[in-house]
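Undergrad: Residue numbers (the numbering used here), protein chains in the order written: chain L, 1 to 153; chain C, 1 to 153; chain Z, 1 to 153.
Just so you know, these hints were derived from the structure itself, not from any lab.
As the list makes no split between identical chains, a pair holds if one copy fits it or if it spans any two.
Pairs of lysine-lysine, DSS-like flavour, derived with a Cα cap of 27 Å:
1) 109 <-> 5
2) 104 <-> 124
3) 104 <-> 118
4) 104 <-> 4
5) 109 <-> 124
6) 104 <-> 5
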Amino acid sequence: MNEKKRLLIVCSKGTLDMAFPPFMMATTAASMDWEVHLYFTFWGMDIITNSKALKISPVGNPSLGLPNVVGIIPGMTAVATWMMKRKMRESHMPTLESLIEMAKQAGVKFHACSPTMKLSGITKEDLIPQCDDIIGAATFLDMAGDDAVTLFI
Amino acid sequence: MNEKKRLLIVCSKGTLDMAFPPFMMATTAASMDWEVHLYFTFWGMDIITNSKALKISPVGNPSLGLPNVVGIIPGMTAVATWMMKRKMRESHMPTLESLIEMAKQAGVKFHACSPTMKLSGITKEDLIPQCDDIIGAATFLDMAGDDAVTLFI
Amino acid sequence: MNEKKRLLIVCSKGTLDMAFPPFMMATTAASMDWEVHLYFTFWGMDIITNSKALKISPVGNPSLGLPNVVGIIPGMTAVATWMMKRKMRESHMPTLESLIEMAKQAGVKFHACSPTMKLSGITKEDLIPQCDDIIGAATFLDMAGDDAVTLFI
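The following block holds chain L by itself, in its conformation from the complex (with noise of 0.2 Å):
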C-alpha cells in the first residue's frame, strides 16, 4: 500500500483545554506525513470563526444566543483561564494561534460545518482565511468510511 495514513477529528468544543488536544493530534500525524482532516462543529465552529477566534473573553456570543465560550472552561472562571494561559505560557506551550499555523503549515486541511452555520448564523466571510471549505456531515462521512481514525473531541 503506498496509501497515507488519514486521522479525522470532529472539533467540537471551544473551550481552551478541548481545542488544544485536537491540534497538538493533528500537527503530529501531519509531521508524520498523514493525511489530517479537523471537522469543526457545534462550539468547535467558534476556534475558525473571525470575530470569536483566537480570543478569551468571557462576554456573550448573540449568535447562538448564549455565552461565548471560546477559551472558558466550563466551570471554571475567566480568572482560571488567565491562569492556564500564564501557565502553558511559562511552559513555552504554543499559544492557539501557532498551533493553528503551525497545522496549516503541515498541511492540515479545516472544515467548516455547514449545519452550524445555518444554526448560527455564521456566514463564509466571518470564517478565518485558513479554513479550506465548508462540508456536510455526509462529505465527513465519506472521509471517515475509507478506513481513517477518526475521533470526536
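Starting from the known structure of chain L, arrange chains C and Z on it as the hints suggest.
TA: Coordinates of chains C and Z only, in the frame set by chain L:
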C-alpha cells in the same frame, strides 16, 4: 465487498448540545445506506428514558441523586437553553423529538447500556419504545471491532 | 489473521462520570482478549497522578493553576459527587480504585502524556505505579494507525 459501511456512536451526554451531533451524523449515515448504531450510556441514557427523554427541565434526577441534565448545557442557565431552543426553531432545525423519529425511520438502531441501567435503577419499562435492545460493553465492542467508524460523544 | 483486536482510548477528563466509561470498556475488552491501551492526557492525567488519583476533593490543583477536578462533575456540587459515589456503592458498582486494579490485572496498558506532564509540572515520581510509560502523540498515533478501535473520552 458488498458489505455496508457501519457507524457506531457512544452517546454519553444528556445535554442538548451534545445530543444533536450523534443524531445528525446517524441520520446522515443511514441516508447514505450505512448501518448505524447508537449506544446510549451514562447521561446519554436520559435521551431514551421515558420520564426524562425529550424534556428540557432543570429539576433533579432522583435516580442518580444528581440534577437532571437533559437539555441543560453545563455552565449555562435554563434561560440560555430556552434561548438555544428558540434559535433552533427559528433556524428551522429539527427538534430532538423529530431527530429521534427520523433516525428510527432511517433504520438507526438504539441500544441502552445495561450497566447504566443497573446503576441508575432504570428498568426496561422506563425506556422509550424506539429503543431496540439493552446491551453491555462486550456487545458494543464486538460491533466496533468489525471495522466500523466509532465515535464517543 | 491471528492478530488480536485492539482498543485505544484517550482519557482526557478527570471527572468521576467520564473516568468510568474508559475503564469499563477497557476491562471488558481485555477480558475478551483484546490488546488495550489507555492514553491519559489533560485532565485525565489526574486519574494516574499520585497526589490526585483516587481522591474526591474540591480543593485547588496548584500545578495547573486550576481547581482540581477529580471526581467533581462539572456543574455539580461536591455533595452531588458524594451522592453519586454512595449510589454506586449501593449498586455494588466497582470503585475507581478497583477498576484500575482490574484493568491492570487484565493486561490493560496505562500511558501518561508527556506534553501534559511538561505543562503541569508532573514528574515521573508523581505517577501511580500502575502507569506503564510516558509517551507522546506520535507513539499514540502509531498505535492508532494500525487498525485499532480508537475513542476520545
